[in-house]
Each structure stands twice: as C-alpha cells, then as structure tokens.
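Sequences listed follow chains A and B, in order. Numbers 4 to 288, taken from my numbering, label the letters of the first sequence in order. Numbers 2 to 316, taken from my numbering, label the letters of the second sequence in order.
To be clear, the hints were calculated from the coordinates, so they are not data collected in a lab. Any given hint could turn out to be false.
Said to hold, decoys possible - These stretches of chain A come out as covered by chain B in the derived footprint (C-beta under 8 angstroms, 3 or more residues):
id : segment
1  : 42 to 52
2  : 164 to 175
Said to hold, decoys possible - Pair by pair, the computed Cβ-Cβ distance ranges are:
id : chain 1 : residue 1 : chain 2 : residue 2 : range
3  : B       : T30       : A       : Q30       : 34 to 40 angstroms
4  : B       : G135      : A       : R34       : 25 to 31 angstroms
5  : B       : D32       : A       : I55       : 49 to 55 angstroms
6  : B       : S184      : A       : V149      : 55 to 61 angstroms
Unchecked claim - Derived, one-sided and incomplete: chain B residues facing chain A with beta-carbon distance under 8 angstroms:
id : residue
7  : C37
8  : A61
9  : T63
Note that beta-carbon positions come from the ideal geometry of N, C-alpha and C, so glycine has one too.
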Amino acid sequence: MSIADTAHTTPARTERLAVTNHAVPTQSALRAALVSEWTKLRSVRSTVWALILTSAFTIGLGTLFCWAYLNRRERRGDSIRSLLFDPTARSLNGVVLAQLAVGVLGVLVMSSEYTTGMIRTSLAAVPNRTVFLAAKTIVLGMVSLVVGMVSVFVAFFVGQAVLDRDGLGTSLSATGVLRAVLGAGLYLTLIALFGLALGTIVRRTPGAIAALFGIVLILPLIAQAFPEPWDVRIGRLAPFNAGQAMFSVRYDPDLLTPTQGIFVFLAWIVASYLVAMVMLSRRDA
Amino acid sequence: MSTVLTQRMIELQGLTKRYGDTLAVDDLTFDITPGCVTGFLGPNGAGKTTTMRMILGLDAPTRGTALVDGKSYRDHRFPLHEIGALLDAKALHGGRRAFDHLLCLAQSNGIGRRRVTTVLEQVGLADVARKRAGTFSLGMGQRLGIAGALLGDPAVLMFDEPVNGLDPEGIVWIRTLLRQLASEGRTVFVSSHLMTEMAMTADRLIVVGRGKLIADATVDEFTSQGEHWIAVQSSNPAALAAILTDAGATVQKVDDSQQVRGLKPIEIGDLALGAGIAIYGLTEQRATLEEVFFGLTGDSVEYHGMLGSQNGQAA
Numbered sequence: 004m005s006i007a008d009t010a011h012t013t014p015a016r017t018e019r020l021a022v023t024n025h026a027v028p029t030q031s032a033l034r035a036a037l038v039s040e041w042t043k044l045r046s047v048r049s050t051v052w053a054l055i056l057t058s059a060f061t062i063g064l065g066t067l068f069c070w071a072y073l074n075r076r077e078r079r080g081d082s083i084r085s086l087l088f089d090p091t092a093r094s095l096n097g098v099v100l101a102q103l104a105v106g107v108l109g110v111l112v113m114s115s116e117y118t119t120g121m122i123r124t125s126l127a128a129v130p131n132r133t134v135f136l137a138a139k140t141i142v143l144g145m146v147s148l149v150v151g152m153v154s155v156f157v158a159f160f161v162g163q164a165v166l167d168r169d170g171l172g173t174s175l176s177a178t179g180v181l182r183a184v185l186g187a188g189l190y191l192t193l194i195a196l197f198g199l200a201l202g203t204i205v206r207r208t209p210g211a212i213a214a215l216f217g218i219v220l221i222l223p224l225i226a227q228a229f230p231e232p233w234d235v236r237i238g239r240l241a242p243f244n245a246g247q248a249m250f251s252v253r254y255d256p257d258l259l260t261p262t263q264g265i266f267v268f269l270a271w272i273v274a275s276y277l278v279a280m281v282m283l284s285r286r287d288a
Numbered sequence: 002m003s004t005v006l007t008q009r010m011i012e013l014q015g016l017t018k019r020y021g022d023t024l025a026v027d028d029l030t031f032d033i034t035p036g037c038v039t040g041f042l043g044p045n046g047a048g049k050t051t052t053m054r055m056i057l058g059l060d061a062p063t064r065g066t067a068l069v070d071g072k073s074y075r076d077h078r079f080p081l082h083e084i085g086a087l088l089d090a091k092a093l094h095g096g097r098r099a100f101d102h103l104l105c106l107a108q109s110n111g112i113g114r115r116r117v118t119t120v121l122e123q124v125g126l127a128d129v130a131r132k133r134a135g136t137f138s139l140g141m142g143q144r145l146g147i148a149g150a151l152l153g154d155p156a157v158l159m160f161d162e163p164v165n166g167l168d169p170e171g172i173v174w175i176r177t178l179l180r181q182l183a184s185e186g187r188t189v190f191v192s193s194h195l196m197t198e199m200a201m202t203a204d205r206l207i208v209v210g211r212g213k214l215i216a217d218a219t220v221d222e223f224t225s226q227g228e229h230w231i232a233v234q235s236s237n238p239a240a241l242a243a244i245l246t247d248a249g250a251t252v253q254k255v256d257d258s259q260q261v262r263g264l265k266p267i268e269i270g271d272l273a274l275g276a277g278i279a280i281y282g283l284t285e286q287r288a289t290l291e292e293v294f295f296g297l298t299g300d301s302v303e304y305h306g307m308l309g310s311q312n313g314q315a316a
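Same shape as in the complex, but just chain B (with noise of 0.2 angstroms):
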C-alpha cells in the first residue's frame, strides 16, 4: 500500500445560492486545504449547511462551482472515497438496522462488507449493529453518521454541527476523533455556531455571515486581531491614570480595576515606581474568539433584536 498524501481538498469559487430574494449563500471563494481541521464558523442561518450541501451535489449552485479532488461532486463515480459527510444524523431510514444502514451506503460504492463492521467498532456501535436506526439516541446516531461518512476511508471529511445536542462525553469524542483524523492528514471541514467550540478544535476559521465571507484566518491570528490591554490594581488610581495619560495611554475604570491601552507593562510599572504608587496586580488582557466573533458577526446575525415582529425565527 502506498502511503502518498494526495493533495485532496474542496474548492469554492463564487459559490453562491439564492432562494426567492434570499441570498442565502453569497459569493463564497476559498478552499480548505488538508491536515488541518477548519472551522467553519457563523451564527445559525449564515449558509453553513446550504454550503455543504452545495459541496456534496444535494443542492445546485444558483451560480459558482464548488470542487472536491478538483471534481464537481455529481462527477465522481463513488464519492464516499474522497469524501465522507455528515450533514444531519437523522438522515437515515429509522426503520433499517445500523448494519444494513452502512451496508447499503458502502455497498453503492462497492466497498466490502468487511469494512462495515470495522467502521461499526471504531465508532463504538459494534454491539446494536442490529438493532433498528430509529431507535438509536442523539449521540448513537451521530456515531451512526460518522461512520457512515468513515466507510470509504476518504481524505476529506465535512461535518456540520456535529456537536450539537451532544453530551459531555460525546462532544469530547467528535473533539478527539476530528483531530485524529486531521492528524492522519485529512482534510477535516466542521461548521459550528460555537465559538469556543472551533477554538478547542480547529486550526483554521472561516467565518460566515448571512451568507457572507467576514473572515479567513488561523485560530492565533484571529485571537491576536482583538482587543488587548492591561488590567491594573494600584494605591492610587487618581493619581496612576494621571501618569498614565500624559504618557499617552488611555485609561478606563472598570470594577475594582483600571484598563490601560497603549502602554506595556514594563511601561506601567516603571511609571508607578516612579511616582511612588504601589502595583497591586497587572495582567494582560485579550478579547475571548467569543467576543471576537461577536465583533464580527454582530452585524450579520440574521434574526437580532426582531423578537415578535417577525415570523421568522434563528433556528
């Protein structure tokens, strides 16, 4: 077996998708390149899933392409080798067995029998392979899903929301098992409305809005793109900010403490020394990716402050 790392991935040019006089989807280029997890990050109805489903062929364009292994996806004879999704745990027959769930997805890619059980035990469904879909909980069925999209040990994978309605110990398992899989050198593209959810396991964030690109970039520089300051606790607050201010620094009082922009800590403490007052505490700051994505986002959530006015509700 050769072990080269194909460069697969997907590739959005332009992709955009309009219903009535909804653009749902608007005007989305950037591709995901594989070994990495990438968070694809929005509010609820920012076109996360339209945009998936427009990766996996379910939904057309209205315009733009969107590749997978540089292949429209209706192209590609058994896709579930280059690509493994899961968009929705509850897209199954309920009233098939798990097995015979698995065994039809895997065999409409002529993938072997063998394979099912194996993708049966790595997701920890081995035991109720027999037992009906339908009557699996929320966490085994996105198990079931995930296996699913396992079958054809593909180089990409995309998941949407597959933390959502999880317990603890299911939401530490999808974390674990992502980046596994992007460690093995899969592309691993993962929507999510959590902020701090994509903080703890992707690499990489894009971030939509009702539709929109806002952002494109690594979890640090994001983090490093929000506001930082200097908490400080002193003797003299009066007297500090006074300092502070001449020196060029802009000083609020916040609680108990006051935020200093524009100077270092070195700075601060030498000014302090100076001037006789006591340094009590003095900690650097920075916005959370939360307040950060509130920042960007703010503008783009679809549904904010329109309670009861409108029949139309985020979900």
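Just chain A, same shape as in the assembly (with noise of 0.2 angstroms):
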C-alpha cells in the first residue's frame, strides 16, 4: 500500500479542543507493563519458533535418546554402565539442545528491544528499569515454565514408554524422579532468563548468543582442562553441570547433589541479574 492510499492531508481531529487534566489509571506500573511484554512476546514470530524448537527438541531428541539406547550394547549383560543407567535422565537428555531454543528466546526478548531500536520507545513508555526488567522476567518466566514443563513431562512418558519395551522404564513415582522431571522443566525456565539477562548486558543478539552457548556448553568443557580434582571441583559449578544435577535421578559423583544442583544454578542466574540491572540502569538507552 503506497503512502497515497492512506495519507490524508489534514490531520483528522482529535476530540477535545482543550487539553484535559485526565485522570491517569490507578493501576501499578507493573501491572500495565506485564500486559504490555505479554503482547510484545506474543505478536512477533521469533517466539512461536524458538518455543516450537523448545519443545521439539525435548520431546524428540528425548524419545529418540530412548530408543537408541535400546539397541547398545552396553546395556546387555551386567555391566557397571548398564547398572548405572538412569531411565529419567535419559528420556530428558533432548534438554541439551531445548535449552539453547529457549535460551536463544530469552537472550531476543531483551537484544530485539536493542537492535531494533525499541528499546528508546518502550523505555520511553515504562521508564523505571527495575519494572521493565520485572515484567520481562515474569512474562517470559511463565511462558517458558508453561512450555518447559509440559515438554519435559511429555518427553519423560514417551521416553519411558519407548524403554519400557524392554522393561527398562521408570515411573514418576519412583524415588527421585518426580523431583527429576520438575527439575528439567525448571532449568529450561531459569535458562530462558539466564538468556534475559545475557541480553540485558551484551545488547546485541550475536554476541549474547555466544555468551549463552558459551558459558552453557563450552564453560564444562574448559574445566575438564583443569588437574584433578579440580576438573570436576569446578565443573560440576558451570551451570550445565549443575543443572544436570537437577534434572538426574542416579547419584553421579561428578555432580552436585540436586539441592546444590538448583542453588548453585539459582546462584548464576541472580549474579547475572545483578548484573544486567546495574547495566541498564546506568546505560544510557
């Protein structure tokens, strides 16, 4: 549509020919602005996709994990590996790859506002940083919970179902697999808003992609260069590291037990929002 077919020459009238002293609405900031991000999440495609890929992966690299290990070979016989098999780790595994679609998610709800230039509009519409940060966190927070859980509670009965061919599946109401199931839906949470908050400070999608990818995937890498038992000291603390923890039901002494698991994740996730509210308090928009 060219610019002729809506142009009118003279600007159509507003109502009131003086200005009014109009009552602004009592509600909280906070409030307005949680409706707000949730019609900002909702009305851009990039959501749509990133929790479509959420869920996929989980889901299908899930099952699939399942179904490959029915044809190892390690697991016939009596070996250590087989004896250590955890049912619900493995029917969560598709996480590794859920949680870069999600926090990808979350690094675009904050970089979009910066590369697209909205970032002057909507500040200039709520300007107190400290509820524009809030009402991110709990939109995205919600909806990553919502599609998180779901996700993995379904990953983790299709994945059972699919060992229990062979009777190798578990049930949730065997020790500790409850606890593991809630775990993963959480971390894909909490990863969402590690990605928020990587936005927040880096600004620029590409380089706060590769901060998430970054510290989630290559950080327990690095520590596997550290001397024993440093390598493991310090691995088990990247966040991967401790989220699996979480999500796992089987003692792993290279991990930490779910408790610190969740508290150490917990404690990256407030470092990196101090971090990111510092910055965009201080920054200039």
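Join the two chains into one complex using the hints; note that each chain is given alone, in its own frame.
Written out as structure tokens, the structure is:
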C-alpha cells in the first residue's frame, strides 16, 4: 500500500479542543507492564519458533535417545554401566539442545529491543528500568515454565514408554523421578531467564547468543582442562552441570546433589541479573 | 470531563551531557510553555536529539535536570499521559504489526484497545493496522510514531526532526498537525535543522549550536533582529548615493540597485525629489530567517570547512 492511499492532507480532529486534566489510570506500573510485555512476546514470530523448537528438541530428542539406548551393546549383560543407567535422565536428554532454543528466546526478548531500536520507545513508555526488566522476566518465566514443564513431562512419558518395550522404564512414583522431571522443566525456565539477563548485558543478539552458548556448552569443556580434582570441582559448578544434577535421579559422583545443583544454578541466574540490572539502570538507552 | 488547562511543560536547568571530551549539550536552561509550537533549532550535531533523549530519561545528564510536568521523567508512572514523543520513526520492532506495536505501548500505560484504533484512524493508518511495521515507508513509519505519541492524549508533545525525509504531502500534514495540537492548548516542542521549516510552524524559537543556547525568542523578534535595508533603483545612482551619504546613510551598490541603510523610505524619496532624480523602485528588505540563523550559528557549526581533514562528518 502506498502512502497516498492512507494519507490525509489534514490531520483528523482530536476529540477535544482544550487539553483536559484527565485521570491517569490507577493500576500499578508493573501490572500494566506485564500486559504490555505479554503482547510484545506473542506478537513476534521468533517467539513461536523458539518455543516450538524447545518443545520439539525436548520431546523428539528425548524419545530418540531412549530408542537408541534399546539398541546399545552396553546394556546387555551386567556391566557396571548398565547398572548406572538412569531412565529418567535418558528421557530428558533433549534438554541439552532445547536449552539453546529457549535460551535464545530469552536473549531475543531483550536484544531485539536494542537491535531494532524499540528500546527507546519502550523505555519512554516504561521509564522505571526495574519494572521493565521485572515485567519481561515474569512474562518470559511464565511462558517458558509452561512450555518447559509440558515438554519435559511429555518427553518423560514418551521416553519411558519406549524404554518399557525392554522393561527398562521407570515411573513418576519412583524415588527422585518426579523431582528430576520438575527439575528439568525448571532448568529450561531458568535458562530462558539467563538468556534474558545476557541479552540485557550484551545488548546485541549475536554476542549474547555466543555468551549463552559459551557459558552453557563450552564452560564444562574448559573445566575438564584443569588438573584433578579441580576439573570436577570446578566443572560441576558450570550452569549446565549444576542443572544436570537437578534432573538426574541416580547419584553421579561428578555432579552436585540435586539441592546443591539448584542453588548453584540459581546463583548464576541471580548474579547475571544483578549485572543486568546495574547495566540497564546506568547505561544510556 | 473537566476542561482545566494545566500548565504542563518542560523545564531544563543547566542540562549538560558530556561524551568523552565532547560537550554534546552545554548548560542548557529554558522552559517550554503550553499553547504554542516551540521550535528547537540548530545545525546537525548541535545537541538537539541528545537534549530530547535526556528529557525522556533515555540518557542520564552529566549535570543539570530536565523536568516534565514538575517531575523527572523516570519518576512518571505512566508518562505517555503526560508527554508523547517521537524521536525516531525507526525505533520499533519491524516484525510487529502496527496495531500490536501501539497496543503494547498503550497497555504499558494502562490505555485501552479502543484508543489504539482511534489514533490509528487519526494518523490515517487504520487500513494498514494489520501490516508489519517493518514493511512501512518512511512516511507511514513517521505516522505510526506520531500515533504512539498521541496514545495517552498528552499535554506535551515532542518531535525530533519530524519532516525529515517526508514527501511534500507528509510535510504539510505534519505542519498542520503541529499547529492543531498547539491550538488545542498543548505544549509542542519540535526540533529541526531547517530554519524555513520552523518559520512556518513555530511561534517561538530556541536556537542551539555546539550544545549551547544561542537564542531564545519569538519568530517575530527573531526576524526583527536581522539586517534591514532599502533597495533603491533610480535614474542617477551616483548622484543619489552622494546625497544620501551626506544625509547620513550608507549606500552600497548591488547589481542594478543600491542598498541604503540609515534612512527611511520617505526620506530617500524626498531627497531624490529635491535633487530631481527619478525613483524607479523603493522596497524595504530584511534578512530572511535563514540568514539570521546562519549569522547566529555560523561560528558554531561543528564541521564547516573541514571536509576530508577530519574523520567526522556531520550527519
């Protein structure tokens, strides 16, 4: 459509002639910002794609990992490794890739504001930076919690159904299983928020995604370069390894306990948010 | 609905912004009063945009304050009800539909969906409300930005170079809109680097150069500051020049006429009549706003005459 189709040579009249001292809505700034951020999130296509990928990786890869295990040599006989088999963790393995999709969504929620220039319009509408970041965090957190939880539960049930063909599956009522599945869903949610914090700190999409992938995927590899026992001691503090402790059922001496895992992972999130908040408040938009 | 006119305005007090060694905005102090269009004029790079960004709380001042309606911008809970601004028509997510773009802005300030439809109609974008903003032309983007500024029906409006890059029709539209908004009693603050544009829309001019305040006056005061002379064409320029100089005037020959300063037209006519010189033309002339503007900002233009020697380029 060309401008000529829509242009009026005279602006249409506003309803009033004198500027009135109209009432400003009484609701809280955060409440209004939440509604606004929900509209923002649902009105761009990248959100839908990132969430579809998150779900597809969690469920699809989890199922594939379980199916592949049925054909593994190591489970034949009574080898130590087959005794250590963790059917819950196996069915949740898709989280390795899904975390990248949901993490990128988190990055985009903030970095797209900066790369498009929308941030200047957004902050002129919501000048309180804390309210702005809080609204984005809550909306993104809720959406990724719902999508993450649904995905991990579907992945768990489908994965166990596959493993049950050889009688290897477990159930939610077994010790630690429900905790592990919930842990995986929570992990995906928190990775999204980690991405949001990184997007706020870095402000550019490629840089923030590189930081996210680096910390989540590369950090555990770097830790392996340390001499023993520091490779394990440091490695298990990396976000992904701490997260793995959250969604494993069987005890792994190289990982933290589930409770330690969630606290270490939360520490990462809190630290990234502190830096993000300081930068958002101090830097010019 | 009450129709109380509140004195909402923008107040700058010693506003200063430093980037490294450069003072982008240097100790600006002025108020912007309601009911008129205040032009914010200066060459590119004079600090106009930076000033507006500080008013909106986007950039923090190095020193000084900028208040909107008596409060710092960041202290407004729902600022769109107080001040609507368009700094950059491209400051939006191109993947979002025009309607959704305005909706998320409206919701952030507790404004309803109906108002979004109203402002879209007001700026003539109702037909393309479902199109993604990234597909819009510059003129349509500008209208969308203005729709965003009007969402909260604010008493103060601020536009940065609103006619830049627009076609003639768009320019007329903006001019009419600015005048109309001011006639409704609103405070309108609009920047430009084009003096002629401002002369057509503004009542009051604030001129800046290199971040400093150069002039703050009404458009009329502004033009009367400029040079003023009388162009005379006569049958005997040489003789006339001698007579007028004797009477205390200065005479300068320009092309086929003479520029006379220091005498009124009636005095020139009488003197010519006494000497038997026929007057063919006698017109009062004054410097255009543009010339006054160049006179004021000539020293402050950041990059003049430095082409090629500097990596900086006025943009």
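Now the hints, each set against the structure:
With 6 residues carrying a beta carbon less than 8 angstroms from a beta carbon of chain B, the segment 42 to 52 of chain A meets the three-residue requirement, and the given coverage holds. Counting residues of the segment 164 to 175 of chain A whose C-beta sits closer than 8 angstroms to any C-beta of chain B gives 0, which falls short of three, so the coverage hint is violated. The supplied range of 34 to 40 angstroms is met by T30/B and Q30/A, whose beta-carbon atoms lie about 36 angstroms from each other. Against the hinted window of 25 to 31 angstroms, the Cβ-Cβ separation of G135/B and R34/A comes to about 30 angstroms, which satisfies the hint.
Roughly 54 angstroms separates the CB atoms of D32/B and I55/A, a value that falls within the hinted 49 to 55 angstroms. For S184/B and V149/A, the Cβ-Cβ distance of about 51 angstroms falls outside the hinted range of 55 to 61 angstroms, so the restraint is violated. For C37/B, the interface hint is violated, the least distance from its beta-carbon to any beta-carbon of chain A being 13 angstroms, above 8 angstroms. Checking A61/B against chain A by beta carbon gives a least distance of about 6 angstroms; that is within 8 angstroms, so the hint holds.
For T63/B, the interface hint is violated, the least distance from its beta-carbon to any beta-carbon of chain A being 11 angstroms, above 8 angstroms.
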